[in-house]
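The residues making up each chain are set out below.
Number of protein chains: 2
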Amino acid sequence: MEIVESKTALRTILGKSRSAGKSIGFVPTMGFLHAGHLSLMRRARQENDLVVVSIFVNPTQFGPNEDLDTYPRDADRDTELMRSENVDIAFFPPVEEIYPRGFTTFVAVEGPMTQVLCATSRPTHFRGVTTIVAKLFNLVKPDKAYFGQKDAQQVVVIQQMVKDLDFDLQVVVCPIKREADGLAMSSRNTYLSPRHRADAAVLFQSLAEAQQMIAGGERSASAVVRSIATKIGAAAQDAIIDYIAVVDAETLADLETLQGDILIALAVKFGKTRLIDNIRIKGLGPNCGGPCR
Amino acid sequence: MEIVESKTALRTILGKSRSAGKSIGFVPTMGFLHAGHLSLMRRARQENDLVVVSIFVNPTQFGPNEDLDTYPRDADRDTELMRSENVDIAFFPPVEEIYPRGFTTFVAVEGPMTQVLCATSRPTHFRGVTTIVAKLFNLVKPDKAYFGQKDAQQVVVIQQMVKDLDFDLQVVVCPIKREADGLAMSSRNTYLSPRHRADAAVLFQSLAEAQQMIAGGERSASAVVRSIATKIGAAAQDAIIDYIAVVDAETLADLETLQGDILIALAVKFGKTRLIDNIRIKGLGPNCGGPCR
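First to last, the sequence lines map onto chains A and B.
Taking this note's numbering, the leading residue of the first sequence gets 90, the next gets one more, and so forth.
Taking this note's numbering, the leading residue of the second sequence gets 90, the next gets one more, and so forth.
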């Protein structure tokens, strides 16, 4: 595995591979890798000649009162994990390599998609995400780029950007990796106190219960949201619900009645730690008045 | 010359050339080609294996009360001119190919650079320019892209975007082409009445006179601006000056004292037709109290 810090070195190495006709799979991360990230690398390893992983805690996607400074970092551990996944190139740029003095260009997906869900409490977040991802796409020029379904809104926003700006690559979305009790893996889970860590299992449990309600015929978004909120409230008494939403999986538009491809997404704060989770359900038909066959 | 309308066809043809190791030179235009555009094609022809020209009147760079609908178009003439310049690929996309329903992603260079000069009267113009140019760069993936110095602010903004978003290409800036009387060539010159066409020659004459003043030792920006305004006012009595500015050539920051690399830019309306012109002067030293030797 080559460890690369400069854009020039990255371009030189990748230019040679590209000229040799090698396909490039790219996994952009903020490091502090967990099994979710590793599943993206494994998928990239299966599907490409060369696997590039970037480790960069991107300042432009953090708000002024967020956890940029305390975001967990462990370059040595990340390096070992990438080696064990047979990653070819680890790109570890310093901040000034990505955002030099005078940097002032932003890529933004505008409209409802970046105004709902996480954007309500993180209004500048997705603009930071699309800007860094556009830059990394231009640096790496991958054939395929891998993202986790855990960040459901990010995935939808990036797919919109790729389509709108004609990036010549395929976005591959990989399923959420979960801990034994169902908690979605996240670098931010390390922030949780033991009690909050235990309580946080209710997030996935409440989503799984909602999925069962829907399988049983429930088609009212408000009934689904109410059920999730009640379950979280009962199990984690000091949890603060940021949002629980039932939306169209492609446009993220709010739904009253569940139909088609839907996304149930939530963000909940445990102490200072904000966690997100979601489930996608595809091809929902209308309520058939009981468990659908 | 191949004429291509779809993004898919463009990608297929260019993918083959790229795999064969051919370099790609790209000239993005809004059509109604004149000698300025042709000079960009000639330069691209000299420096690349393959020359791609796009002809697309980009709606996102026009304001609501601007001349999008009346902007001059002549596809047949443009096609003949491109053939005569040995262009390899003419990309003529329809609007819906570039901006399909649901399009919502924009690239914007923020800050002073896109708030001064032309941005004062055209506040959304450069966001439209950077968005279309980013899209075309992603579609064509050129090694070199050619722009005219006539659109001085556009050149600076695009160079900033290329640097900030890590586009892997070289921006080549070509000198302004002028009519016999000095008027900078522009597709919009066809709008001018015979009297305004004659009057408009004063734009370059006033810039040339300013250049002589500076060669003679003048270093006061306001004296230069005053001289240009006086000359235009005397020669073209119904011309309306949008701006006359002396700025740093790289940052476009206003200058009081001329020093270093400077840009003198102006925009003037003749009837409904807004014309722009500029001169760049490099490496200006301080005033030496008379003609500098």
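Heads up, a few of these hints could be off.
Incomplete in silico selection of chain B near chain A, CB under 7 Å [as the list claims (entries may be wrong)]:
{"hint": "1", "residue": "T193"}
{"hint": "2", "residue": "A197"}
{"hint": "3", "residue": "N227"}
{"hint": "4", "residue": "L254"}
{"hint": "5", "residue": "F256"}
{"hint": "6", "residue": "V260"}
Anything over 10 Å on all C-beta distances counts as not near chain A; from chain B, calculated [claimed, not checked]:
{"hint": "7", "residue": "R211"}
{"hint": "8", "residue": "V262"}
{"hint": "9", "residue": "A287"}
{"hint": "10", "residue": "G305"}
Which stretches of chain B does chain A cover? Using the computed rule of at least three CB atoms under 8 Å from a CB of chain A, they are [what the hints assert, rightly or not]:
{"hint": "11", "stretch": "157-168"}
{"hint": "12", "stretch": "199-205"}
Since the hints were made in silico from the structure, they are not lab data.
Beta carbons: idealized from backbone N, C-alpha and C, even for Gly.
Now the hints, each set against the structure:
no., hint, in the structure
1, T193, "4 Å, holds"
2, A197, "6 Å, holds"
3, N227, "4 Å, holds"
4, L254, "6 Å, holds"
5, F256, "6 Å, holds"
6, V260, "14 Å, violated"
7, R211, "19 Å, holds"
8, V262, "18 Å, holds"
9, A287, "41 Å, holds"
10, G305, "34 Å, holds"
11, 157-168, "violated (count 0)"
12, 199-205, "holds (count 3)"
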